[in-house]
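Visitor: First to last, the protein sequences are chains A and B. Take the first sequence: its letters are residues 1 to 67, numbered as in our numbering. Take the second sequence: its letters are residues 1001 to 1183, numbered as in our numbering.
Everything labelled a hint here was simulated from the structure, so no lab data went into it. Fair warning: there could be bad hints in the mix.
[What the hints assert, rightly or not] Partial pick of chain B residues on the chain A-facing surface, computed with a CB cut under 8 angstroms: (1) 1004; (2) 1013; (3) 1020; (4) 1021; (5) 1024; (6) 1102; (7) 1122; (8) 1127.
[Stated by the list, open to error] Here are the simulated lysine-lysine pairs, BS3-like style, with alpha carbons at most 27 angstroms apart: (9) B:1161 - B:1104; (10) B:1075 - B:1047; (11) A:56 - B:1047; (12) B:1043 - B:1009; (13) A:35 - B:1146; (14) B:1058 - A:35; (15) B:1058 - B:1043; (16) B:1009 - B:1047; (17) A:35 - B:1104; (18) B:1146 - B:1058; (19) B:1009 - A:56; (20) B:1104 - B:1032; (21) B:1043 - B:1075; (22) B:1032 - A:35; (23) A:35 - B:1161; (24) A:56 - B:1032; (25) B:1058 - B:1047; (26) A:56 - B:1043; (27) B:1032 - B:1009; (28) B:1058 - A:56; (29) B:1058 - B:1075.
[Unchecked claim] Chain B side only, calculated, beta carbon under 7 angstroms to chain A, not exhaustive: (30) 1009; (31) 1016; (32) 1017; (33) 1041; (34) 1045; (35) 1106; (36) 1126; (37) 1156.
None of the values given here were measured: they were computed from a predicted structure. Note that the Cβ used here is the ideal one computed from N, Cα and C, for glycine as well.
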Amino acid sequence: MKDMTKDTMAGAAGRRRNGVGDPLGPNSEIGRKLKQYYDELVSDNVPDRFAQLLSKLEQAEPAQKKD
Amino acid sequence: MAAVSQGFKTDLLGAIPSLRAFAVSLTQNADKADDLVQETLVKAWDKHESFQPGTNLKAWLFTILRNEFYSQMRKRGREVQDSDGIMTARLAVHPAQHGQLDLKDFRGALEQLPEDQREAIILIGASGFSYEEAAEICGCAVGTIKSRVSRARTRLQEILKISGEDEYGPDAISAQVTGTAAR
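Extracted from the complex, chain B is given alone in its bound form (with noise of 0.2 angstroms):
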């Protein structure tokens, strides 16, 4: 086995934050989480050979940590999903500026999200990743990526009760004009 440079080391730090955001994102448990960002950085370390200097780290840091989820939770059958809560309170104690109670609704809509569609609308719309880097991170194709986040987004929408806010652009117009974006 080849020596894993520094610079790998440094970079797999450098994605830890991201990393342990993706994986409350689909554990919903703070917890989780953690072993299961331990877990990843433990199998990219063994296979850091696999990795393409030059192509994207995060989202194969991502890869590994999405499968890591899903076999973990068909060896479990599906306890991984948090049904108590517990995230939710746990991150409520987090000291937050503006929208607070907001941000614990929304945190609360995620939840009832099926993870499929939850993860597609973090890739897309959180972590950055465009559609075809989802695509590959979820091994499917960027068509059932869209159509996720579609329904991901709809029922977003439902749960918390905000109308088609760009089928009717005024909000979303003098929200841009005024640039009142923190509401």
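Isolated chain A, as found in the complex (with noise of 0.2 angstroms):
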């Protein structure tokens, strides 16, 4: 935030501004298992159903325009 020349000066400080600069960054225990949690979520197969409501959806369209 402040002093950039001090933080060049002294690296470790530096580092630890960054830290403080993205709180739920890498270096953050929170940010890494916060990833992790949504990760998972976002790999899980995801069901043929939506694939279908879509697909019902598109077909349905015509219809649609009457109203």
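Two chains, two separate frames, one set of hints: put the complex together.
Guide: Below you can see the structure in the form of structure tokens.
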């Protein structure tokens, strides 16, 4: 935030400053766990029902045009 | 109503994994999450004309999903939240290569957060949205998101008994130097 010159003089302080700037970044245990938690959810297999739903919506489209 | 373009449909399909992850984060229940995603897709389809091409589709969809979640919650008088931890049990079966126990603890801690804090920390820390985008999704000020994220983080640290990691740099610094992120 402040004192960028000081950061370059003391590398450790600079890195610490990075951690503060991004409190959920890779230096943060919470940040890492959060991503692990979320990535697991994102990589879960998507059930067919969603693709089927979109196909159904697509087919229903001409009928919807009336109203 | 103008025809929904093939591209829009493809983009919707592509957004489903993220939508499901966000829905699970909000509901803490896999079945309710999928119902929520289904509602979101139907709504998005119906109002596709209100989506501005070139803007962030994921943010637009997350907004719809979130509104749907809170309106359902109001209707049901807050029973959306799964207090029996069914989700925790279900997800615990999910195979993971590392940090299984840790992650289970983390899930439990996340469940204890109030919804507004949980969604804020998920949007910022996991879904990859900026504070500005998250504020738009939640319909609140950027400062509100910042304070929710900060409170969520402090609370998680308390629950998980992690000391203020970046106030006292050593852990963070050694992790960065040695690259031992996964511990």
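Visitor: Indicate, hint by hint, whether the structure satisfies it.
Guide: Cross-check of the supplied hints:
1. The interface hint given for residue 1004 of chain B is met, as the beta carbon of that residue sits about 6 angstroms from the closest beta carbon of chain A, less than 8 angstroms.
2. Annotation: interface hint on residue 1013 of chain B holds; nearest CB of chain A at approximately 6 angstroms, less than 8 angstroms.
3. For residue 1020 of chain B, the interface hint holds, since its Cβ comes within 8 angstroms of a Cβ in chain A; the closest pair sits about 7 angstroms apart.
4. With a least beta-carbon distance of about 4 angstroms to chain A, the hint placing residue 1021 of chain B at the interface is held under the 8 angstroms criterion.
5. For residue 1024 of chain B, the suggested interface contact is upheld, since its CB lies about 5 angstroms from the closest CB of chain A, less than 8 angstroms.
6. Interface restraint check: residue 1102 of chain B against chain A, minimum CB-CB distance 7 angstroms, threshold 8 angstroms, status holds.
7. A least Cβ separation of about 7 angstroms between residue 1122 of chain B and chain A falls short of the 8 angstroms threshold, and the interface hint therefore holds.
8. At a threshold of 8 angstroms, the smallest CB-CB gap from residue 1127 of chain B to chain A is about 7 angstroms, leaving the interface hint in force.
9. With a C-alpha separation of about 15 angstroms, the suggested pair residue 1161 of chain B and residue 1104 of chain B falls inside the 27 angstroms cut-off, and the hint holds.
10. Only pairs whose Cα atoms come within 27 angstroms are accepted, and residue 1075 of chain B paired with residue 1047 of chain B is accepted, the gap being roughly 22 angstroms.
11. For the proposed pair residue 56 of chain A and residue 1047 of chain B, the alpha carbon gap of about 16 angstroms is at most 27 angstroms, so the pair holds.
12. Only pairs whose Cα atoms come within 27 angstroms are accepted, and residue 1043 of chain B paired with residue 1009 of chain B is accepted, the gap being roughly 13 angstroms.
13. For the hint linking residue 35 of chain A to residue 1146 of chain B, the alpha-carbon distance of about 18 angstroms falls within 27 angstroms, and the restraint holds.
14. Restraint check for residue 1058 of chain B and residue 35 of chain A: the C-alpha separation of about 18 angstroms stays at or below 27 angstroms, so the hint holds.
15. A hinted pair counts as satisfied when its Cα atoms are at most 27 angstroms apart, and residue 1058 of chain B with residue 1043 of chain B qualifies at roughly 14 angstroms.
16. Simply put, residue 1009 of chain B and residue 1047 of chain B have alpha-carbon atoms about 13 angstroms apart, close enough for the 27 angstroms limit, and the pair holds.
17. With a C-alpha separation of about 13 angstroms, the suggested pair residue 35 of chain A and residue 1104 of chain B falls inside the 27 angstroms cut-off, and the hint holds.
18. A C-alpha spacing of about 21 angstroms is found between residue 1146 of chain B and residue 1058 of chain B, which places the hinted pair at or below 27 angstroms, so the restraint holds.
19. For the suggested pair residue 1009 of chain B and residue 56 of chain A, the alpha carbons sit about 12 angstroms apart, so the restraint of at most 27 angstroms is met.
20. Distance restraint check for residue 1104 of chain B and residue 1032 of chain B: the Cα-Cα separation of roughly 20 angstroms lies within the 27 angstroms cut-off, and the hinted pair is therefore satisfied.
21. In summary, the hint linking residue 1043 of chain B to residue 1075 of chain B is supported, as the alpha carbons are separated by about 18 angstroms, within the 27 angstroms threshold.
22. Straight-line distance between C-alpha atoms of residue 1032 of chain B and residue 35 of chain A comes to about 22 angstroms, which keeps the hinted pair within the 27 angstroms bound.
23. Using a Cα cut-off of 27 angstroms, the hinted pair residue 35 of chain A and residue 1161 of chain B holds, with the two alpha carbons roughly 19 angstroms apart.
24. The suggested pairing of residue 56 of chain A with residue 1032 of chain B holds, with an alpha-carbon distance near 21 angstroms, which does not exceed 27 angstroms.
25. Among the hinted pairs, residue 1058 of chain B with residue 1047 of chain B is consistent with the structure: their alpha-carbon atoms are about 15 angstroms apart, no more than 27 angstroms.
26. Our distance criterion of 27 angstroms between C-alpha atoms is met by residue 56 of chain A and residue 1043 of chain B, whose separation comes to about 14 angstroms.
27. For the given pair, residue 1032 of chain B sits about 23 angstroms from residue 1009 of chain B by alpha-carbon distance, which is consistent with the 27 angstroms threshold.
28. For the hint pairing residue 1058 of chain B with residue 56 of chain A, the CA-to-CA distance comes to about 22 angstroms; that is within 27 angstroms, so the pair holds.
29. With a C-alpha separation of about 26 angstroms, the suggested pair residue 1058 of chain B and residue 1075 of chain B falls inside the 27 angstroms cut-off, and the hint holds.
30. With a cut of 7 angstroms, the hint placing residue 1009 of chain B at the interface with chain A holds, because the nearest CB-to-CB distance is about 6 angstroms.
31. Evaluation of the residue 1016 of chain B hint against chain A yields a held restraint, the C-beta minimum of about 5 angstroms falling below 7 angstroms.
32. At about 5 angstroms, the closest approach between the beta carbon of residue 1017 of chain B and any beta carbon in chain A falls short of 7 angstroms, and the interface hint on this residue holds.
33. Satisfaction of the interface hint for residue 1041 of chain B is found here, the shortest Cβ-Cβ separation to chain A being roughly 6 angstroms, below the 7 angstroms cut-off.
34. At about 5 angstroms, the closest approach between the beta carbon of residue 1045 of chain B and any beta carbon in chain A falls short of 7 angstroms, and the interface hint on this residue holds.
35. Interface restraint check for residue 1106 of chain B: the shortest CB-CB distance to chain A comes to about 4 angstroms, inside 7 angstroms, so the restraint holds.
36. Taking 7 angstroms as the C-beta contact cut-off toward chain A, the hint placing residue 1126 of chain B at the interface holds, the least distance being around 3 angstroms.
37. Given the 7 angstroms rule on beta carbons, the hint for residue 1156 of chain B holds: about 5 angstroms separates it from the nearest Cβ of chain A.
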